[in-house]
Amino acid sequence: MKLDSKIPEGPLAEKWTKHKFNQKLVNPANKRKYDIIIVGTGLAGASAAASLAELGYNVKAFCFQDSPRRAHSIAAQGGINAAKNYRNDGDSVYRLFYDTIKGGDYRAREANVYRLAEVSVNIIDQCVAQGVPFAREYGGLLDNRSFGGAQVSRTFYARGQTGQQLLLGAYSALSRQVSTGKVKLYTRSEMLDVVIVDGKARGIVTRNLITGKIESHSAHAVVLASGGYGNVFFLSTNAMGSNVTAAWRAHKKGALFANPCYTQIHPTCIPVSGDHQSKLTLMSESLRNDGRVWVPATKEMAEKLRKGEIKANDIAEADRDYYLERRYPSFGNLVPRDVASRNAKYVCDEGRGVNETGEAVFLDFRDAIKRDSEDVIRARYGNLFDMYQQITGENPYKVPMKIYPAVHYTMGGLWVDYNLMTNVPGLYATGESNFSDHGANRLGASALMQGLADGYFVLPYTIGDYLAGVPATKVETTAPEFQEAEKAVKERINTLLNIKGSKTVDHFHKRLGKIMWDYCGMARTAEGLTKAKAMIKELREEFWKDVKVVGTNEELNMSLEKANRVADFLELGELMVDDALNRNESCGGHFREEYQTPEGEALRDDDNFAYVAAWQYTGDNQPEVLHKEPLAFENVKLTQRSYK
Amino acid sequence: MNLTLNVWRQKNTQDKGGFKSYQVSDVSADMSFLEMMDVLNEKLEVQGEDPIHFDHDCREGICGMCSMYINGKPHGPQQTTTCQLHMRSFKDGETITIEPWRAAAFPVVKDLVVDRSAFDRIIQSGGYVSVNTGGTPDANEIPIPKKIADEAFESAECIGCGACVAACKNASAMLFVSAKVSQLALLPQGQVERKERAEKMVAQMDAEGFGSCTNTGACEAECPKGISLTNIARLNREYLSAKLTSENV
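Each protein sequence line maps, in turn, to chains A and B.
When the letters of the first sequence are read in order and numbered with UniProt numbering, they come out as residues 1 to 644.
When the letters of the second sequence are read in order and numbered with UniProt numbering, they come out as residues 1 to 249.
Computed far set for chain A versus chain B, every beta-carbon distance over 10 angstroms:
1. Lys6
2. Val470
3. Asp605
4. Val636
DSS-like, lysine-lysine: derived pairs with alpha carbons at most 30 angstroms apart:
5. Lys548/A - Lys43/B
6. Lys33/A - Lys184/A
7. Lys370/A - Lys147/B
8. Lys195/B - Lys184/A
9. Lys146/B - Lys370/A
10. Lys16/B - Lys548/A
11. Lys537/A - Lys43/B
12. Lys11/B - Lys184/A
13. Lys24/A - Lys253/A
14. Lys510/A - Lys11/B
15. Lys24/A - Lys2/A
16. Lys24/A - Lys182/A
17. Lys31/A - Lys15/A
18. Lys514/A - Lys548/A
19. Lys146/B - Lys398/A
20. Lys398/A - Lys91/B
21. Lys200/A - Lys628/A
22. Lys562/A - Lys11/B
23. Lys182/A - Lys200/B
24. Lys562/A - Lys20/B
25. Lys500/A - Lys20/B
26. Lys503/A - Lys20/B
27. Lys11/B - Lys487/A
28. Lys531/A - Lys628/A
29. Lys548/A - Lys11/B
30. Lys370/A - Lys307/A
31. Lys182/A - Lys474/A
32. Lys147/B - Lys398/A
33. Lys200/A - Lys474/A
34. Lys200/B - Lys184/A
35. Lys213/A - Lys33/A
36. Lys16/B - Lys213/A
Hints were generated in silico from the structure; no laboratory data involved.
We put the beta carbon where it would ideally sit given N, CA and C, even for glycine.
Assemble the whole structure, with the sequences as input and the hints as a guide.
Next up, the structure:
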């Protein structure tokens, strides 16, 4: 299989403009003859559904939540990047492009990233026009803040709830199209398969989560905007329902899965408190603008702290190790996420962790409060501080926060070309569900940017080019391809319900999560990964023999929903391990202990690994086949990423 | 700690439903309320019993999915979402009563899960600014005073969980509707459709079967996001002025 990324010819800055001109168009009167299915209603899905419906296409939008407004984009806190240069501090489209490529440790496509930076400015305009109440300054203009991996202030925000406000903006645009009848909404519906007719994606099979009814939906193109797969780790900052099922079923129908091992471990999350833990809560990266990260300078002092013999505030300035400021003087506490996470792990591995489990570091606002006053800090981060206090019972205005890295985002995902189309014609993947823009590490405030860029400003152009070449005739859902897919979905559900084993779905999910965290988490080794592969295989076999799913299909059955999702995670986990094993280098969020610089930084191998690893499914329990898309860097010089 | 839970069980919308009692033991104070429910459900599943169905997703207080009526209060004793309620708010030996939101416009789907699609339909009736993608002016073209932007943000913080409806003796949706109407009435972008929006959203609210507002303030007291009653005052003003000057006859 030859992977064609379809990157347009020409200078970087002109590629997208030229490409847009070269796209075939569907004339306005014909657009109403085409149906588009969109799976997922987060930033990527809702923005695409609204924009495509506005153009005149008939859109069917699906989400498993009870309302599109609840998609997990809602939980993004800190902000959205855009190269507006409103601060006059040296930002530009090129700088945002450069920062993103570098932040991604040179494992993303130049052309995609440049386009992302280019359309970023339109996103802010769009959102403001929708009534998104971004933070403003006293003069009435938009405010910005800084985020990790950048030395300019280009992050637009709405207190600590930027994702919420952007999603509600996209949701309102989507709702408007629902009211016109151009979008038909299917809530509490989960996609369980993609249907391919004559080599093209022509529909999906869903389960109505209330009635259990298996339904077929036909269309001319299918867009997956179904989010990331961080929940393969069980504990992550993702919502409980976030899952890989839509993307994984597409993968099993032929769509390549790219860079599955690229996982972002976010440095500032509330540490695990016990075995009952169901999810981890992120404390926005924006906190690192004012909070200082530290641990005690010595192991002995950390031990006393863990035993409760001393308190954080008792520790003298000289006995505090502000390790990020010390090691990275120019970026300090604002180093990118992968670097911040790894360093937290190092200091905790040295025995300098600050909570009972030894897996936490301090994020301290004492100096910021002294400098700016408590009121100023409250205005900036009030809701985050409240949330922290609610969860931990500690007051972060008085004592430093305790934080630890947690799985947050997955840079890997379905392989897509420049048009955001997978290798299956007519099947698109956008937002976190694709692999395209963040390389091996995503910068803070860039996920919102990418989701909305894809949905508002990329897909509406590129999908037309494809549909212009597809006849408007519809495929009936009585076609054998739909019937076969429905049958397979029903069989799988029956199998799950009839195993009647002894262990719950969560039991397996937790065990899978632990394997993934221990061996395919912040630091990986060939030895550990090999071990993990065997463990996942065994666990998967055990799952299919011994899982207990109570209830029936013909009702709201959350055990069954989880079983369906965890079954897919059990397959994905192995592919992530394969990918991590294959990539004999360290880059961004993928850190192989064997490959590091003497200072402990990620050591890339550009000669051998400057490629996208795209995996092809070849059958159950068969090894997946690796396809390589070489990454060409024509504008950026590959260097050792340094934030010192 | 050890607790007794009285939980509403209802197989589906048609089922009459009723309370069932469960014992949970060794509950840690650091657990969230939903994690305590997870532990109970895990136990039920192992015994082959149908777990208690409840809505939940982000578990960080922002998606608005969780919706338990605990000891007579939406989201329980703290002014938070259920997912952000922790067991340190309860005492050993306590009996906790858990019900779904009760409102005619929110039919029970199963156990503690209700159908809140009425909220979506209210937003679809006018909770937006009618702009298409593309062609919008530069974001800084219209300055908005910080005070106004902040006020609009505070209205926009609503998570659509429905606690306001559940708290209200009339099951009124005024706080929800007024928050959206306020946000857009405050901002320059929302001016063009200002009157029509207030009229349409109120009409849809009534059509969905939500009750009337009598300004008791229960909604504000229970709102996990602290959406202020001021929004309702503003909606009343918006609606009245829209009706008096309406171009729609």
